[in-house]
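Colleague: Sequences and hints are given; from them, build the entire structure.
Protein chains in written order, with full-length UniProt numbering: chain A, 1 to 105; chain B, 1 to 161.
Read the hints as simulated data drawn from the structure, not as lab findings. Source: prediction; values computed, not measured. Note that CB positions come from ideal geometry on N, CA and C, so glycine has one too. Hints may contain errors.
[Unchecked claim] Derived pair list, reagent style SDA-like, types lysine to any residue, alpha-carbon separation capped at 20 Å:
#1 B:Lys35 to A:Gln99
#2 A:Lys49 to A:Glu25
#3 A:Lys94 to B:Glu122
#4 A:Lys88 to B:Asn40
#5 A:Lys94 to B:Thr110
#6 A:Lys88 to B:Glu38
#7 A:Lys94 to B:Pro79
#8 A:Lys88 to B:Glu122
#9 A:Lys94 to B:Ser33
#10 A:Lys88 to B:Glu120
#11 B:Lys11 to A:Ala92
#12 B:Lys25 to B:Glu52
#13 A:Lys49 to A:Leu90
#14 A:Lys88 to B:Gly32
#15 B:Lys25 to A:Thr89
#16 B:Lys11 to A:Asp83
#17 A:Lys94 to B:His39
#18 A:Lys94 to B:Lys35
#19 B:Lys35 to A:Ala91
#20 A:Lys94 to B:Arg82
#21 A:Lys94 to B:Arg116
#22 B:Lys11 to A:Ala91
#23 A:Lys94 to B:Ile95
#24 B:Lys35 to A:Leu90
#25 B:Lys11 to B:Arg118
#26 B:Lys25 to A:Gln99
#27 B:Lys11 to A:Leu90
#28 A:Lys94 to B:Val15
#29 A:Lys88 to B:Arg124
#30 A:Lys94 to B:Pro19
#31 B:Lys25 to A:Ala92
#32 A:Lys94 to B:Gly63
#33 A:Lys88 to B:Lys35
#34 A:Lys88 to B:Lys25
#35 A:Lys88 to B:Ser13
[Said to hold, decoys possible] Taking beta-carbon pairs under 7 Å as the criterion, some of the chain B residues facing chain A (in silico):
#36 Val14
#37 Ala18
#38 Ala23
#39 Leu42
#40 Arg82
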Amino acid sequence: MTVDSAQLASLGDPTRRAIFELIAEHPRSVAEITRQVSVSQSAVSQHLKVLRESRLVRSEPKGASNVYHIDPHGLGQMRAWLDRFWSKTLAAYKVAVEQPPEEPQ
Amino acid sequence: MNAHISVASVKQSVVVEAPIERAFKVFTEDFGSFKPPEHNMLAVPIAETVFEPRVGGYLYDRGVDGSECRWARVLAYEPPDRVLLSWDISPQWQIETDPDRTSEWEVRFTAETADRTRVEIEHRNLELHGKGWESERDGVAGDQGWPLYLKRYADLLARKA
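Modeller: Structure below.
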């Protein structure tokens, strides 16, 4: 649940979402990301830190800098996602099932 | 390398103001009407979600262009008490064709009163999706599949914003 909320909160910020989507396209360095968004490199680094802490991305050293990838440890993410998926599904189900039943044909 | 990723199961429950028969009927027949819209593996919007009411049947999405995505198999169908389905979607957000690498989800319906039903979901054996995970982690798992799901979700959020 904590991971889940952190991931949602992470993607709630438009700049962070843009950064995440850039990384989802293909792995990129901080410098490459900074060229694509309208915030400073240190702001990008802050956003990457949040994305990393919520396990949406991970960094790998390459030469003098880090390259950011989508975090592939999908099982933990999958579990967090399923938690949210079923919670949303059941909430919507409750609304559907409590509507007055339609008369059959 | 993290050789072992520990994941147990996911459990959720809800109490609804409906008799057990109706609770079961709506859950199975109308599943497509309340599942989250980002749950779509097709390239096109979903026209309908079909829950085949028998063991050996499928829960599948049919797209507006007629394409189909069969993402769950019906393993038990016991109205109005219980259904058990497989979850044939990998952590990479792709259809898993090997049944040994799929998890399962059970839905139990319990009448609390004549007009009130408790619905419990247990999604278990998630670790089965992990077989061979380590060998995949630097391949397709890296930037495909599951991240594409997240991206789709992010796109939906962005559209609502």
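Colleague: Each of the hints needs a verdict: does it hold here or not?
Modeller: Hint-by-hint comparison with the structure:
1. B:Lys35 to A:Gln99: Holds. Lysine 35 of chain B to glutamine 99 of chain A sits at ~16 Å (cutoff 20 Å).
2. A:Lys49 to A:Glu25: Holds, at roughly 19 Å.
3. A:Lys94 to B:Glu122: holds, 17 Å
4. A:Lys88 to B:Asn40: holds, 15 Å
5. A:Lys94 to B:Thr110: holds, 15 Å
6. A:Lys88 to B:Glu38: holds, 11 Å
7. A:Lys94 to B:Pro79: holds, 18 Å
8. A:Lys88 to B:Glu122: holds, 14 Å
9. A:Lys94 to B:Ser33: The hint holds at about 12 Å.
10. A:Lys88 to B:Glu120: holds, 14 Å
11. B:Lys11 to A:Ala92: With a Cα-Cα distance of about 17 Å, the restraint between lysine 11 of chain B and alanine 92 of chain A holds, given a limit of 20 Å.
12. B:Lys25 to B:Glu52: Measuring from Cα to Cα gives roughly 12 Å; hence the hint holds.
13. A:Lys49 to A:Leu90: Judged against 20 Å, a Cα distance of about 33 Å means the pair is violated.
14. A:Lys88 to B:Gly32: Answer holds: lysine 88 of chain A to glycine 32 of chain B is near 13 Å, not above 20 Å.
15. B:Lys25 to A:Thr89: Roughly 15 Å separates the two Cα atoms, so the pair holds.
16. B:Lys11 to A:Asp83: Satisfied, since the Cα-Cα distance of roughly 8 Å is no more than 20 Å.
17. A:Lys94 to B:His39: holds, 18 Å
18. A:Lys94 to B:Lys35: Roughly 11 Å between the alpha carbons, so the hint for lysine 94 of chain A and lysine 35 of chain B holds.
19. B:Lys35 to A:Ala91: holds, 10 Å
20. A:Lys94 to B:Arg82: holds, 17 Å
21. A:Lys94 to B:Arg116: holds, 11 Å
22. B:Lys11 to A:Ala91: holds, 14 Å
23. A:Lys94 to B:Ile95: Roughly 28 Å separates the two Cα atoms, so the pair is violated.
24. B:Lys35 to A:Leu90: holds, 8 Å
25. B:Lys11 to B:Arg118: Distance ~13 Å between lysine 11 of chain B and arginine 118 of chain B Cα, so the pair holds.
26. B:Lys25 to A:Gln99: Measuring from Cα to Cα gives roughly 13 Å; hence the hint holds.
27. B:Lys11 to A:Leu90: Roughly 11 Å separates the two Cα atoms, so the pair holds.
28. A:Lys94 to B:Val15: Measuring from Cα to Cα gives roughly 8 Å; hence the hint holds.
29. A:Lys88 to B:Arg124: With a Cα-Cα distance of about 18 Å, the restraint between lysine 88 of chain A and arginine 124 of chain B holds, given a limit of 20 Å.
30. A:Lys94 to B:Pro19: Holds, at about 12 Å.
31. B:Lys25 to A:Ala92: Given that 20 Å is the threshold and the Cα spacing comes to 15 Å, the pair holds.
32. A:Lys94 to B:Gly63: violated, 25 Å
33. A:Lys88 to B:Lys35: Satisfied, since the Cα-Cα distance of roughly 8 Å is no more than 20 Å.
34. A:Lys88 to B:Lys25: holds, 19 Å
35. A:Lys88 to B:Ser13: Holds. Lysine 88 of chain A to serine 13 of chain B sits at ~11 Å (cutoff 20 Å).
36. Val14: holds, 4 Å
37. Ala18: It holds, given that the least Cβ distance between alanine 18 of chain B and chain A is near 5 Å, below 7 Å.
38. Ala23: holds, 6 Å
39. Leu42: This interface hint is violated because 17 Å lies over the 7 Å limit.
40. Arg82: violated, 16 Å
Checked against the numbered hints above, the structure breaks hints 13, 23, 32, 39, 40 and satisfies the rest.
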